[in-house]
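Asker: Sequences are here, hints too, so could you generate the full structure?
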Amino acid sequence: MILDVLSYGFMQKALIAGIAVAIICSFMGIFLVLRRYSLFGDGIAHVAFGGISLGLFLGIVPLWGAFIASVFGGLGLQKLRSSTKVSGDAAVAVVLVSGLAVGVTLVSASGGFSVDLFSFLFGSILLIGLEDMIMITAISAGIVWTLLVFQKQFLHLSFNEEQAKVAGLNTTFLNYLFVILAAVTVVNSMRLVGILLISALIVIPNISAMLFGKGFKKTVVISILMSVSSVVTGIFLSYYLNLAPSGTIVLIAVALLLGTLACRSAGLIAKVTIKEQSKIVHNY
Amino acid sequence: MSMTKVLQVEKLSIGYDSHVAVDDISFDVSEGELLGIVGPNGAGKTTLFRAIFGLQDYKGKIKLFGFEPDKYKSLIPLVGYVPQKIAFEPNFPATVYDIVSMGIISDKKIVKGAKLIQQCGCCWNRIYKKIDKAEDKIHESLKTVGLEHLKNRRIGELSSGELQRVFIAKSLVKDPLLLILDEPVTSVDVESQTKFYKIIEKLNKENGITVVWSSHDLDAIKKYASRVACMNRKLFFHGEKEKFFADENLLKTYTESAMQMHMHDHNH
Numbered sequence: 004m005i006l007d008v009l010s011y012g013f014m015q016k017a018l019i020a021g022i023a024v025a026i027i028c029s030f031m032g033i034f035l036v037l038r039r040y041s042l043f044g045d046g047i048a049h050v051a052f053g054g055i056s057l058g059l060f061l062g063i064v065p066l067w068g069a070f071i072a073s074v075f076g077g078l079g080l081q082k083l084r085s086s087t088k089v090s091g092d093a094a095v096a097v098v099l100v101s102g103l104a105v106g107v108t109l110v111s112a113s114g115g116f117s118v119d120l121f122s123f124l125f126g127s128i129l130l131i132g133l134e135d136m137i138m139i140t141a142i143s144a145g146i147v148w149t150l151l152v153f154q155k156q157f158l159h160l161s162f163n164e165e166q167a168k169v170a171g172l173n174t175t176f177l178n179y180l181f182v183i184l185a186a187v188t189v190v191n192s193m194r195l196v197g198i199l200l201i202s203a204l205i206v207i208p209n210i211s212a213m214l215f216g217k218g219f220k221k222t223v224v225i226s227i228l229m230s231v232s233s234v235v236t237g238i239f240l241s242y243y244l245n246l247a248p249s250g251t252i253v254l255i256a257v258a259l260l261l262g263t264l265a266c267r268s269a270g271l272i273a274k275v276t277i278k279e280q281s282k283i284v285h286n287y
Numbered sequence: 487m488s489m490t491k492v493l494q495v496e497k498l499s500i501g502y503d504s505h506v507a508v509d510d511i512s513f514d515v516s517e518g519e520l521l522g523i524v525g526p527n528g529a530g531k532t533t534l535f536r537a538i539f540g541l542q543d544y545k546g547k548i549k550l551f552g553f554e555p556d557k558y559k560s561l562i563p564l565v566g567y568v569p570q571k572i573a574f575e576p577n578f579p580a581t582v583y584d585i586v587s588m589g590i591i592s593d594k595k596i597v598k599g600a601k602l603i604q605q606c607g608c609c610w611n612r613i614y615k616k617i618d619k620a621e622d623k624i625h626e627s628l629k630t631v632g633l634e635h636l637k638n639r640r641i642g643e644l645s646s647g648e649l650q651r652v653f654i655a656k657s658l659v660k661d662p663l664l665l666i667l668d669e670p671v672t673s674v675d676v677e678s679q680t681k682f683y684k685i686i687e688k689l690n691k692e693n694g695i696t697v698v699w700s701s702h703d704l705d706a707i708k709k710y711a712s713r714v715a716c717m718n719r720k721l722f723f724h725g726e727k728e729k730f731f732a733d734e735n736l737l738k739t740y741t742e743s744a745m746q747m748h749m750h751d752h753n754h
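Those sequence lines, one after another, are chains A and B. Going by our numbering, the first residue of the first sequence is number 4, and it counts up by one from there. Going by our numbering, the first residue of the second sequence is number 487, and it counts up by one from there.
In case anyone wonders, no lab produced these hints; they're calculated from the structure. For each residue, glycine too, the CB sits at the ideal point set by N, CA and C. Keep in mind that the hints are not guaranteed to be accurate.
Stated by the list, open to error - Among the chain A residues that face chain B by a calculated CB cut under 8 Å, a handful are:
| no. | residue |
| --- | --- |
| 1 | 37 |
| 2 | 162 |
| 3 | 166 |
| 4 | 168 |
| 5 | 171 |
| 6 | 213 |
| 7 | 218 |
| 8 | 219 |
| 9 | 222 |
Answerer: This is the structure in structure tokens:
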């Protein structure tokens with residue numbers, strides 16, 4: 004039965020693009036979570052909404068509007084955060100509502116909501132065309148490559164920015180690169196779960212993975228596995244049960260998080276660590 | 487001992503909005519030295535170190551290996567810094583190995599720094615071995631600080647003594663010429679303190695790394711340091727440790743000012 008569904012072109016495209024997005028959201032997401040930028044994705048997504056509205060208003064490709072707006076929004080957010088006068092969460096709030104306000108105003112000026120806008124707000128992975136799929140996958144590959152090249156530096160930056168600076172890293176360059184990558188990740192992922200739920204894919208699989216108590220590489224792999232399985236299961240379930248894919252995907256990710264929490268409480272995950280710890284204490 | 491100056495601080499003053507943290511301090515550190523900096527809490531030791539790494543605005547001059555701050559960027563990667571406390575998320579998903587590997591820097595950066603340093607006459611080649619495999623270097627550093635058995639442990643699960651050793655190991659992977667330690671054993675139990683001091687002594691004597699180390703532990707300074715600097719915003723003393731510990735007035739001044747600061751802390 005599953006194989007039958009796989010023969011549909013729209014399903015193939017949805018799965019390929021979905022898996023690509025799942026990978027970049029969790030890989031980029033781990034750095035966002037570690038740097039306490041969890042809601043950064045949300046802020047950027049709302050700025051992207053402003054960009055999409057601007058695109059629709061001006062009659063240009065909405066996605067380009069979203070890319071441009073989110074990169075500038077991200078840089079603005081970084082600037083606000085780095086000034087000591089505004090706290091991080093307040094900066095996200097300012098950028099988020101500004102983006103949303105621009106979007107709502109432009110939408111009303113151009114005569115109300117359209118189908119296009121809805122697909123960006125709530126995701127429309129089953130409706131994407133071949134071109135969209137190629138673009139999403141190619142951009143994802145670029146993001147993964149950049150993250151692989153800079154992962155050590157980003158980990159250092161996430162661990163302690165001052166230490167990274169003392170170690171001779173160019174933190175200003177890395178911070179800007181980080182924000183641009185995050186912005187591109189968010190916009191590239193909007194078609195899957197939509198603007199309103201994008202933070203879920205960035206944050207939830209990483210929180211679940213971190214509960215396993217592993218080192219960096221293993222945590223990234225666990226996070227990607229969780230994210231990919233949520234997306235794939237979500238797409239299938241939403242097809243068979245006729246549900247919205249975005250909501251289904253996020254609910255599965257939440258269920259995985261709850262399952263991981265339960266396993267941890269039951270001692271199924273953390274047990275090993277405690278055992279090792281007592282062994283080491285005896286050795287001393 | 488060669489007399490090449492690794493660190494020179496000239497007429498350094500650092501002020502915050504309302505008070506002066508460091509007041510007109512001058513001293514230098516020669517290659518191979520183990521300088522102990524003593525002073526009460528709030529004496530400006532941390533502020534001084536932060537200025538050396540460009541994390542703090544200052545008046546005066548700081549020279550690293552004889553170079554002014556504009557050449558710093560090439561040299562800073564060759565200096566190890568272990569701050570008093572490094573804040574990080576308790577469930578940060580990194581093992582000891584991950585953290586130490588952050589200290590690895592590219593050969594290109596090392597060579598750039600080496601070329602500059604040779605101009606100041608440091609015997610840098612004595613310490614620097616080309617890193618063939620980063621992995622070996624990480625293991626070697628972990629071995630030096632006695633933490634090889636914990637390499638797969640998450641850092642959030644370590645004791646504060648172990649953590650400080652991890653950060654030393656992180657500094658060691660790049661073969662630093664100068665190691666700056668800011669009260670490294672403040673929250674560490676006595677047994678681990680001794681272990682820590684032995685490591686520092688070995689790094690200084692056997693590996694030839696110049697060490698600048700701030701501490702409240704006068705006994706340890708007396709035992710391990712070659713020279714002493716005593717400061718409380720101003721520099722009261724800088725010279726051979728024998729002179730410092732023989733001067734009862736100086737010791738009295740230090741103890742009294744430490745005591746005053748202590749009382750001050752308690753009253754607020």
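Asker: All hints are to be evaluated individually against the structure, with a verdict given for each.
Answerer: Hints versus structure:
A distance limit of 8 Å between C-beta atoms decides the matter here; for residue 37/A the minimum to chain B is near 7 Å, and the interface restraint holds. Because the smallest distance between the Cβ of residue 162/A and any Cβ of chain B comes to about 6 Å, under 8 Å, the interface hint for this residue holds. Here the hint on residue 166/A is kept, as its CB sits about 6 Å from the closest CB of chain B, short of 8 Å. Interface restraint check: residue 168/A against chain B, minimum CB-CB distance 7 Å, threshold 8 Å, status holds.
Given hint, residue 171/A at the interface with chain B, holds; its Cβ is 3 Å from that chain's nearest Cβ, closer than 8 Å. Given the 8 Å rule on beta carbons, the hint for residue 213/A holds: about 5 Å separates it from the nearest Cβ of chain B. Checking residue 218/A against chain B by beta carbon gives a least distance of about 4 Å; that is within 8 Å, so the hint holds. For residue 219/A, the suggested interface contact is upheld, since its CB lies about 5 Å from the closest CB of chain B, less than 8 Å.
The beta carbon of residue 222/A comes within 4 Å of a beta carbon in chain B, closer than 8 Å, and the hint placing it at the interface holds.
No hint from the list above goes unmet by this structure.
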